[in-house]
Amino acid sequence: MEIKVNHHSYQLEVEPQETLLEVLKNKLKINSLHQGCQEGECGACTVLLNGQPVCSCLILSPQADGGEVLTLEGLNRGGELHPLLEAFMENYAIQCGYCTPGMVMTAYYLINHLNNFSEESIRKGIEGNLCRCTGYVQILQAIKAAKKEKDSGRWW
Amino acid sequence: MEYHRPKELMVALTLLQELKDSCKLIAGGTDLLPAFRRGTLSLGSRPIVDLSFIKELDYIKKEKEQIRIGAVTHLSDLEGSAIIRKYAPILADALRHMGSPQIRNQGTIGGNLCNASPAADTAPPLLILEARVLLKSVEGQRVISLDQFFLGPGMTILAPGEILTEIQIPIPKDEGGFCFLKLGRRNAFTLSIISVAAWVKVKEETFQGIRIALGAVAPTPMRALKTEKYIEGQRVTEKTIDSGAKVVSSEVQPISDVRASADYRKDMSYILTRRAILSCVTPGK
Amino acid sequence: MISKERRILSGKGRFIDDLELPNMAHCVFIGSPYAHARIKTIDVSKALKKSGILAVLTGEDLVKRTEPLPMLSDFSGRPGWHWRAPRIYPLAVEKVRFHGEPVAAIIAETPTLALEAADLIEVEYDPLPPVLDAEEAMKKGAPLVYEEWGDNIQLHTLFNFGDVEKVFQEADRILQVSWRENRTSGFPLEPRGCLAMYEPMTETLNTWGSYQCPFRAQHYISHVLRLPQTNVRVVASDIGGGFGNKINIWKYTVVCLAAILIGRPVKWHESTREFILTGPHQRDVRWESEVAIKNDGRILGIKARFIQDLGVEISNRDYAAPSIVAACSCVPNAYRLQGLRVEAYGIVTNKSFYGAYRGFGKDKGAKFMERIMDLMSRECKLDPAELRLKNFIQPHEFPYRQISGLVYDSGNYPVIMQEALRLAEVDTWRKKQKELRQKGQYIGIGMAFVVEPAGIAAPNARFSGLVQARVRITPDGLAEVYSDRTEIGQGAERTNTLVISHILGVKPEDVIIKPVTSDTIGMGPISSRGAVYSVSALARAAKAVKSIIIKYASAFFKDDPGNIRLEDGAIYSVKNPENRLNFKELADRFYFRPGPRGLPQEMQMNHEILLDVSTSWYSPNNAQNPTTTYTTFAASADIAVLEVDIETGVTKILKYVHVHDAGKMISRDTVDGQIYGGIVQGIGEALSEELIYNERGELSTDSYADFVIPTAVDAPDIIIKHFETPSPYTELGTKGMGESPIIGSKAVIISAIEEALSPFHVRVSEAPATRERVRQWIQNGPAR
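Protein chains in written order, with this note's numbering: chain A, -2 to 153; chain B, 19 to 303; chain C, 929 to 1712.
Chain A on its own, in the form it takes in the complex (with noise of 0.2 Å):
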């Protein structure tokens, strides 16, 4: 399969078997990626594909064939953290660190997508993504933030 993975480019042999996240995380080695609950229950495995935040441990490897994935560590730009990232610190929305991955991916699909930008909003938006740590408050606090980076101009 051919599959584009943080701007990368990549031919891969897969079993079609084997799931996105299994192939990111044992072929390319995408350190961000984890095995969370392996039902799509938990969000812990988003990434995006073809823009849109999907559970990677759902789909079939083959299913992904041609297409475009964004991790956590696409974002980031040299050694810069992307500024989703660096509000996700700087607002302490970071605990354990294993929900974390998934939820910036949703958090930037929410960010560059969402028109209604509430409180109520974005917690529906998030609803996908579970977290056992942080009782979400300081996550909607970096959410928040980093759409004002956005507004900005700080962004990308």
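Careful: at least some of the hints might be erroneous.
[To be verified] Computed beta-carbon distance windows for the label pairs: (1) C:R934 with A:H110: 49 to 55 Å; (2) A:K141 with C:K1649: 20 to 26 Å; (3) B:S63 with A:M86: 33 to 39 Å; (4) C:R1108 with B:E74: 53 to 59 Å.
[To be verified] No farther apart than 30 Å at their CA atoms in a straight line, the calculated lysine-lysine pairs in the DSS-like style are these: (5) A:K1 with B:K25; (6) A:K24 with C:K940; (7) C:K1442 with B:K257; (8) C:K1435 with C:K1479; (9) B:K73 with A:K1; (10) A:K141 with C:K978; (11) B:K247 with A:K24; (12) A:K141 with C:K940; (13) B:K42 with C:K1362; (14) B:K284 with C:K1023; (15) B:K42 with A:K24; (16) B:K42 with C:K1479; (17) C:K978 with A:K26; (18) A:K26 with C:K1442; (19) B:K191 with B:K80; (20) B:K42 with B:K79; (21) A:K141 with C:K1580; (22) A:K24 with B:K79; (23) B:K257 with C:K1580; (24) C:K1442 with A:K145; (25) B:K42 with A:K1.
It should be emphasised that the hints constitute simulated quantities derived from the structure, not laboratory data. Just so it is clear, the structure is predicted and the values come from calculations on it, not from any experiment. Cβ atoms here follow ideal geometry from the backbone N, Cα and C, with glycine treated the same way.
With chain A held as given, fit chains B and C onto it using these hints.
Just chains B and C now, with coordinates in the frame of chain A:
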């Protein structure tokens, strides 16, 4: 694992003609993969035919009398579609409360219907919209009314070799109010304990038309035909709505499972139906 | 040092999922489909023949090669205690006793191959009837989990504090109070896992992974595998949440054994399903009681029967038996109680084992008391806040000797309560409540006050107070920190850094918090010990290093020690600011250049020349007051307003206020994070979380689909206010606070629901208050 990824419908149908019931169809994978994980389906034991690359099955079209939706259309595309929001907003409403954004981005309408969970949230709205499904095989095609499509939990009328290719929604001619309500164990990203879709048309303070469908309270998503019959023609009063809604609890056949008891589902089928009807008749509620 | 957060965000995380070694094999556990059955035969021969399968272990293999799982809590011989522990192994021997109990471990080249081999293992079971309810298990004729016991009682004792008979005679009224919390647990997003490798040259079994307490894990593994402790080394990787659920490491020992047997590294990372099926379960307690009160609202005493459903055991897989002691001794909570008698039972059933989960046991006592307070307020027709204020331990009474033997260090409860009432605008909500009731809408204002005893030190469960910390200035001028305080997401790394940075005046980026390993002695971050023991030990070590630095600098600068300051990475004299060294220069002199330009002679003669201090810390509270298992006592008030839809049972939180006093805070934002997270966990416990076994003993709620935890939509906005009443017992005045948020929140939600439904005379005596239950309570009518 034997895996096929046809890019055209005809190729898929031909494959299915050979493989028949031995294979499993996959589109979004949001039901199939969890089933593999839980061990209810053994990965690798059956050939997989992946429909997700059949672009010709991914569409939302508005025609004069109906909306046609390709079976491989993603739930999120449906939810965000201007056509659906205009002509079938109750479906968009139901979709908004289904799964999570990730599930909606991957899951397809065809997959959701063919999985035939009694709790499928797309079914009650589609039932009251009197949707039809187009089933194709190499031998031909047939159009079935959605209320004939579900046969039991996980069972549909699809014959071996058939694929559901399109959902057809007649564009509602009559004005009327729509309402979708859902109850789960938490406020978001939750399987329905019960869902209700209602359409009501009122003329001169009388129920001229009414359709009610419920999910998760019977072996299949169901229309509450007895209730509809009871209410139609009656005057629109709190009393008739209340007694009409009570008829629903006699029509439903819920089970008790880890999510809820049959009693609670029966009770809630009355409560939610009453609220749905009230909402339909009260503008802006 | 790059912070853990920055590292994870840069794609340099080190969770067990990320760890890899060359030639690594994988371990997968196969679980029993039955809740209770005899194992007639196990045939692994077909699995072994499969290509890529390296080994298959069963219970019999463990019997030959390992010690049975040790008894981690030992109450035997204690007067008045009935106590026993089973002889068990991580893999079932002769019998399976809970759904999912591991019967075999497959070691294979890949996890997929291992799963395929699972189908080739043939086990013949002889199913037995399961016992699935603690009270049923206590009845004669109930199926026996351990036949040799003759019954299902693992623990039975009587706690008797104060003078219960006397106060019951003085009572104006006796109230009957029942309260029950159903089974639940934490299940953080990352399940358990580890990587083990035996290094033959040094004869060391190395293991990395999601170990919440590496020092204790080392001890446990070395015991089970019959290795000297010096030959076992445990290193905590990045951990995706603990909450106490990763203190148990019984499955990890099998992975370690496998690594030794096959001579290759072995990795294991369970699925969420396995975590829930075979993980530590908690709560699941029932209280039946009589409460002696005065008409004016004073509580005098309590007589209670307490039953805790232990699942298969509470003694060998996890350090959890003291949770019963905690539950009973923490009943008094924030109040002056004169008598408390609890007959406590720990009953075994065919469910997964009892373990540790945030709150542990002290949460149960407090929640029970808060139910009593609410009930008293209704019976005495007193405002629930007034009632609590009346019964509070008063500020001037600290340190307060509670009748249970706990010595509360410090606190000001009235001020916390008053502030919570003010912030929550309770008066306004009461007016609103009245108006809404006229319209048939029901809101409730709930209250809960919780004292969190933190920093357990209890001899019977190997929970000694001992903790070690080491601070070392490296030869190139960084401050290296060795602590037992494993980072599990609670901010250990960040707050440890702040402590060192504050004391030594070094920049936070020059503080290196080393990964926590078994090399450092300590109980780990359990029982909110981090801020009590670990931080105190660290502070003590840092202060010792500081005093050595000052001694040296004063000699070197020929200046008075009183003039020496450590600030901003520099050591200088206030009197003569040109006398200045940075840490690199200091370290360079120390390590490499003795003599006239180096160390003062006196220091050399006294051998006080190391910038490397290892110290222990023991609680002065424990030392002076041996009956107090806990050292610090944070306090918090929760007030929640919620609306109950009486037709569906759905609740909606309208306002949530949490006022908190955890002594001196090191990082307010970190404390806030713990509060937000704990509150949402408690809300989950109050409204939806429940581990449900069906009548065959199969766990129906074995995934996040059915074990329902709060999403962002379910979590409310939370208002927090802090007070800081320092602890007189810790080095910096800090108090452990990680658990109070989960306690108060569950109590307050229950309280608010009951309050909302007071027109219906509903008494909420069970959690979770699921929608269906709430509806049922309303429909059933007034409480008996």
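Right, here's what the structure says about each hint:
no., hint, in the structure
1, C:R934 with A:H110: 49 to 55 Å, "violated (27 Å)"
2, A:K141 with C:K1649: 20 to 26 Å, "holds (22 Å)"
3, B:S63 with A:M86: 33 to 39 Å, "violated (46 Å)"
4, C:R1108 with B:E74: 53 to 59 Å, "holds (58 Å)"
5, A:K1 with B:K25, "holds (20 Å)"
6, A:K24 with C:K940, "holds (17 Å)"
7, C:K1442 with B:K257, "violated (71 Å)"
8, C:K1435 with C:K1479, "holds (21 Å)"
9, B:K73 with A:K1, "holds (20 Å)"
10, A:K141 with C:K978, "violated (54 Å)"
11, B:K247 with A:K24, "violated (60 Å)"
12, A:K141 with C:K940, "holds (26 Å)"
13, B:K42 with C:K1362, "violated (58 Å)"
14, B:K284 with C:K1023, "violated (42 Å)"
15, B:K42 with A:K24, "holds (27 Å)"
16, B:K42 with C:K1479, "violated (77 Å)"
17, C:K978 with A:K26, "holds (28 Å)"
18, A:K26 with C:K1442, "holds (25 Å)"
19, B:K191 with B:K80, "holds (14 Å)"
20, B:K42 with B:K79, "holds (28 Å)"
21, A:K141 with C:K1580, "holds (24 Å)"
22, A:K24 with B:K79, "violated (40 Å)"
23, B:K257 with C:K1580, "holds (28 Å)"
24, C:K1442 with A:K145, "violated (36 Å)"
25, B:K42 with A:K1, "holds (28 Å)"
Hints 1, 3, 7, 10, 11, 13, 14, 16, 22 and 24, counting from the list given before, are not met by this structure.
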